[in-house]
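Q: Just add 6 to wherever you are in the sequence shown, counting from 1, and you've got the numbering used here.
A hint or two may mislead.
Restraint ranges, calculated between C-beta atoms of paired labels, are given here [as the list claims (entries may be wrong)]: (1) 174 / 153: 31 to 41 Å; (2) 39 / 115: 31 to 41 Å; (3) 172 / 102: 12 to 22 Å; (4) 79 / 102: 18 to 28 Å.
Since the hints were made in silico from the structure, they are not lab data.
Backbone N, C-alpha and C fix where the C-beta goes; we use that ideal spot for every residue, glycine too.
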Amino acid sequence: MRGFLGKKFWILVVAAAALLTQSNNGFAAIDPAGIAPLGLETSIPFGWVDFCQRHPEECQDNDQVAQDINLTSEALRKISQVNLQVNKSIDPITDQDQWGVIDQWDFPSQGRGDCEDYALLKRQKLIESGFPKSALLITVVKEQNGDGHSVLTVKTDRGDYVLDNLNNQVRLWNKTNYRFVKRQSQISPNIWVAIETGSTVTLYGVN
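I would like the entire structure built from these sequences, with the hints used as guidance.
A: Structure (structure tokens):
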């Protein structure tokens, strides 16, 4: 009898531990590595500055306290839907081929664009869907071959997720093959902060 009770006790302990690793919305417990470590304020990409001159309404400072998205199953479904929809609806083209310049950020109104244009449209659509602007951050990364690339980071209470025109799957930032360089700050889309992927991190304000 003692052995039987001991076995039941450990079964209950294991079951309780499993429950503790899940949140109320059914997601696994957050991994600290799923949150990108931020460094100091850094330079603003010229493409964003130029974009803001043409679309000032898109670049106003956030009028609310920085907040993360509550990543419920419904929210994740909507985020994934927007990522896939934009990826499928836009034909990739370089700025040189489309505009005759090396770098120009804009909405892909003609159904064509490069990586920044995909990210800007996803940001716009998610804002229109009710997600907080402060959680939708344009991010500059480096591909494995060293080429520059841009994605949209979605700040959630379950980690930092990436929406990428090169991948239809929404993934945690540390599950990609990119070297993260910098992104918008949650306190203002016109402040950019470095992303520190090394062992030493100096936090800057609100991520």
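Q: Does each hint hold? Answer for all of them.
A: Here is what the structure says about each hint:
1. The hinted range of 31 to 41 Å is not satisfied by residue 174 and residue 153, whose Cβ atoms lie roughly 20 Å apart.
2. Taking the beta carbon of each, residue 39 and residue 115 are about 38 Å apart, inside 31 to 41 Å as hinted.
3. Here the CB-CB span from residue 172 to residue 102 is close to 19 Å, well matched to the stated 12 to 22 Å.
4. For the pair residue 79 and residue 102, the beta carbons lie near 41 Å from each other, so the given range of 18 to 28 Å is not met.
When each numbered hint is compared with the structure, violations occur for hints 1 and 4.
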